[in-house]
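Peer 1: Those protein sequence lines, which keep their order, are chains B and C. End of the first sequence = 467 in this note's numbering, gap-free, step of one. End of the second sequence = 278 in this note's numbering, gap-free, step of one.
There may be inaccurate statements among the hints.
The list that follows gives simulated cross-link-like pairs (lysine-lysine, DSS-like), each with its CA atoms no further than 30 Å apart [said to hold, decoys possible]:
no.: 1; chain 1: C; residue 1: K134; chain 2: B; residue 2: K263
no.: 2; chain 1: B; residue 1: K226; chain 2: C; residue 2: K218
no.: 3; chain 1: B; residue 1: K253; chain 2: B; residue 2: K397
no.: 4; chain 1: C; residue 1: K102; chain 2: C; residue 2: K85
no.: 5; chain 1: C; residue 1: K267; chain 2: C; residue 2: K42
no.: 6; chain 1: B; residue 1: K226; chain 2: C; residue 2: K29
no.: 7; chain 1: B; residue 1: K166; chain 2: B; residue 2: K304
no.: 8; chain 1: B; residue 1: K136; chain 2: C; residue 2: K91
no.: 9; chain 1: B; residue 1: K100; chain 2: C; residue 2: K85
no.: 10; chain 1: C; residue 1: K102; chain 2: B; residue 2: K166
no.: 11; chain 1: C; residue 1: K91; chain 2: B; residue 2: K234
no.: 12; chain 1: B; residue 1: K234; chain 2: C; residue 2: K85
no.: 13; chain 1: B; residue 1: K97; chain 2: C; residue 2: K91
no.: 14; chain 1: C; residue 1: K42; chain 2: B; residue 2: K263
no.: 15; chain 1: C; residue 1: K118; chain 2: C; residue 2: K171
no.: 16; chain 1: C; residue 1: K97; chain 2: B; residue 2: K136
Derived coverage of chain C by chain B (criterion: at least 3 residues anywhere in the stretch with Cβ under 8 Å from a Cβ of chain B; other residues may be distant) [to be verified]:
no.: 17; stretch: 79-91
no.: 18; stretch: 96-105
no.: 19; stretch: 168-181
Keep in mind that the hints were calculated from the coordinates and are not lab data. Note that CB positions come from ideal geometry on N, CA and C, so glycine has one too.
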Amino acid sequence: MKESNQIKLLLFMKKIFIALSFLTCVLLSTNSFAQETQPVDTVANALERIQSDLGILKRLKITGYIQAQAVLSDSSSFGSGVNTYDKNFQLRRGRIKFAYQATPWSQYVMQFDVTEGGFKTKDIYAKFTDPYTKALTLTAGVFNRAFGYEIEYSSSNRESPERSRFTTTLFPNERELGAMLTIQAPKTSRWNFIKLDLALLSGNSIAPETDKFKDFLGRINFNKSFMDEVLKLSGGASYYWGGNANPTAANYAVGEWAGVKGFYKYDEALSSRAIREISGIDFQATLASNIGLSTLRGEYVWGREPGTSTSSTGPTAAYTTDVYNRQVSGFYAYFVQNIGQSRHSIVVKYDIFDPNTKLAGTDINATNGCSAADVKYNTLGLGYTLRLDDNTKIVVYYDKVMNETTGVKGYTQDRKDNLLTLRLQYKF
Amino acid sequence: MKKLVYITLVMIVFGSAIQAQKTSFKIKGSDTCLPVILKESEEFMKKNPNTSIMVTGGGSGVGLGALITGTTEVAMASRKMKLDEKLKMQDAAKAFTEKIFANDALSVVVNPSNKIDRLTREQLEGIFTGKTKNWKELGGVDLTIVVYSRETSSGTYEFFKEHVLNNKNFASSVLSMPATGAIIQSVGQTKGAIGYVGLAYIEKSVKALKVSFDKGKTYVEPTVENAKNKSYPITRPLYIYYLKSIEKTVNPFLSYILSAEGQKLVLEVGYVPLK
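Chain B with its partners taken away, still in its complex shape:
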């Protein structure tokens, strides 16, 4: 009897054990299911959230570069008055650029220059490409003038520390306020290698508009590779027409009177337009060979440029004094050779700027209304670039600056203004 009770008890315990085991299994499996599904869901959700956030972040591109440099002149050409010096430390450029692109068709760009000299706005523009033809792009705001090649070629990539003299003189700040229509067939088209830019500009560079006149800029260029990507040729033709208002009724132009060449006064209606007309052609070739990539670039510009008695620089504000009209011409050529595929490259550059093609030599003197603004310059540049890594490069560049000998004080012989630039650049 006792034995049968024990057996019953054992059987009961066995049933309890089986029931508990089953319950445990169910609980465990439920738990493990929960452990498996919940984290997966969480990971999927987190991943989706990260992808979404990343998608938004990828719309914003931040790039920039810093150029810190030491410049050594062969005379005390820096500073002013009694406080002049021949060695100069400078943060030449400190750029930061924000480009936001939510769709392939529209873009918003802001670029600033932050240096020891202060905070300057460089680019602020919006861009919209017609999504149907993909061939029409409208740019509006402050942006690079699409004139020639050198203006739009980034200072971070350029082999010489500065642009050519004619570029910096005729197109100060490189940028202009206005709107531009770009016509270029999409990449899928065989005509994609041709691009046409048509712009209406304020004519005051990046400064606010000061008159009713609007300037026109047009450029057509091509870009094509040949010989199975061994040779690339590009080039274009540019035309600028415009000008700002005459602040006085007196205008000056170069003429000849009684055998004397110089600036002569003529009447012009007050507030009429001082015409600015510049044409240009440019050409670039890059060749890949065993000695490395070789690049040759050239550009020639000519036309008429209104200025003042002491400046032939393109307008950055309204004229306030009598306008002096000059015929100008300029030219540059670069030859860049990378040493094989190494980090070393060398550049030879020659540029010429004649701000007054109708006068030369001692005909340029103060008595006939001329100034330093009329002096022609030839500049030979020799440079070496060492790329330290993806972001950093060192540039050593020597400028041999040669001005023409004129009758203007300070320019009766070649000035001592050759420059040696040592630059460290970091770009991201």
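Guided by the hints, dock chain C onto chain B, whose structure is given.
Peer 2: Leaving out everything else, chain C in the frame of chain B:
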């Protein structure tokens, strides 16, 4: 106890040394090259367990772009690196080496139900530029032609445009696919479809056409033999680009691809070996 500490230390040092010997690199780029490079890397990793190779597609342009930005060490491409890309490599202080590892016969494929089995270059140009819209214009059934192409970042796209379309524009109605596999799938599922793929992608779900580049005098089938004897007109080299800075790491893998065994795999996958 001291012995145990020594043994542990020796094991850690030895383990670290083994770990240090493990090498890895990424290969990115052409979808055409993808099947063969995947196969080569799998076999290479079997023989060299301390090497890890990660292979991804996306297109030749994507791979070469990644090489410039430094997100890959090796790029595979079905076209030559462009001069603009070389300039960017130079600006990024990146020296590189170019190697041809195989050849490909670019193949035009249609749905297997299509009775057409051969086309001239001119007929292909008509189809892909949108002038020819129905198969009956080419002697087939009355069926609209559905044209599939690759995206502009694809080296195959550029090669096809240059060599088959004589640089003429693709029709705007052409459907751009992100990968070669998508073209195979779409052509296999659509009766009136036509597309172009690398030779290795040809399978039963599609039919490869014979093509003529002499205005219909001779039609040649895309096969390894015809590509090898150069009778097939749309052949092209396949490239590997790698950074010189990791030459020592990549060289054993490249030597393997160019070896008799590696070239045998090229043939097995469906491409044309160099020799």
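Peer 1: Going straight from one Cα to the other, do B/K97 and C/K91 come out at no more than 30 Å?
Peer 2: 21 Å, holds
Peer 1: B/K100 and C/K85: Cα distance at most 30 Å?
Peer 2: Answer holds: B/K100 to C/K85 is near 24 Å, not above 30 Å.
Peer 1: Given the hinted pair B/K253 and B/K397, is their alpha-carbon gap at most 30 Å?
Peer 2: Distance of about 28 Å is within 30 Å: holds.
Peer 1: Is the straight-line distance between the alpha-carbon of B/K136 and that of C/K91 30 Å or less?
Peer 2: 19 Å, holds
Peer 1: Do three or more residues from the stretch 96-105 of chain C put their C-beta atoms closer than 8 Å to C-beta atoms of chain B?
Peer 2: holds (count 4)
Peer 1: If you draw a straight line from the CA of C/K97 to the CA of B/K136, is it 30 Å or shorter?
Peer 2: 24 Å, holds
Peer 1: Does C/K218 lie within 30 Å of B/K226 when you go C-alpha to C-alpha?
Peer 2: 29 Å, holds
Peer 1: Going straight from one Cα to the other, do C/K134 and B/K263 come out at no more than 30 Å?
Peer 2: 27 Å, holds
Peer 1: Would the hint linking C/K91 and B/K234 be met if the CA-CA limit is 30 Å?
Peer 2: 22 Å, holds
Peer 1: Is the straight-line distance between the alpha-carbon of C/K118 and that of C/K171 30 Å or less?
Peer 2: 27 Å, holds
Peer 1: When you check the alpha-carbon spacing of B/K226 and C/K29, does it fall within 30 Å?
Peer 2: Given pair B/K226, C/K29 holds - Cα atoms ~29 Å apart, limit 30 Å.
Peer 1: Are B/K166 and B/K304 close enough, with their CA atoms no more than 30 Å apart?
Peer 2: Violated. B/K166 to B/K304 sits at ~44 Å, over the 30 Å cutoff.
The structure is inconsistent with the numbered hints 7, 10, 14, although it conforms to all the rest.
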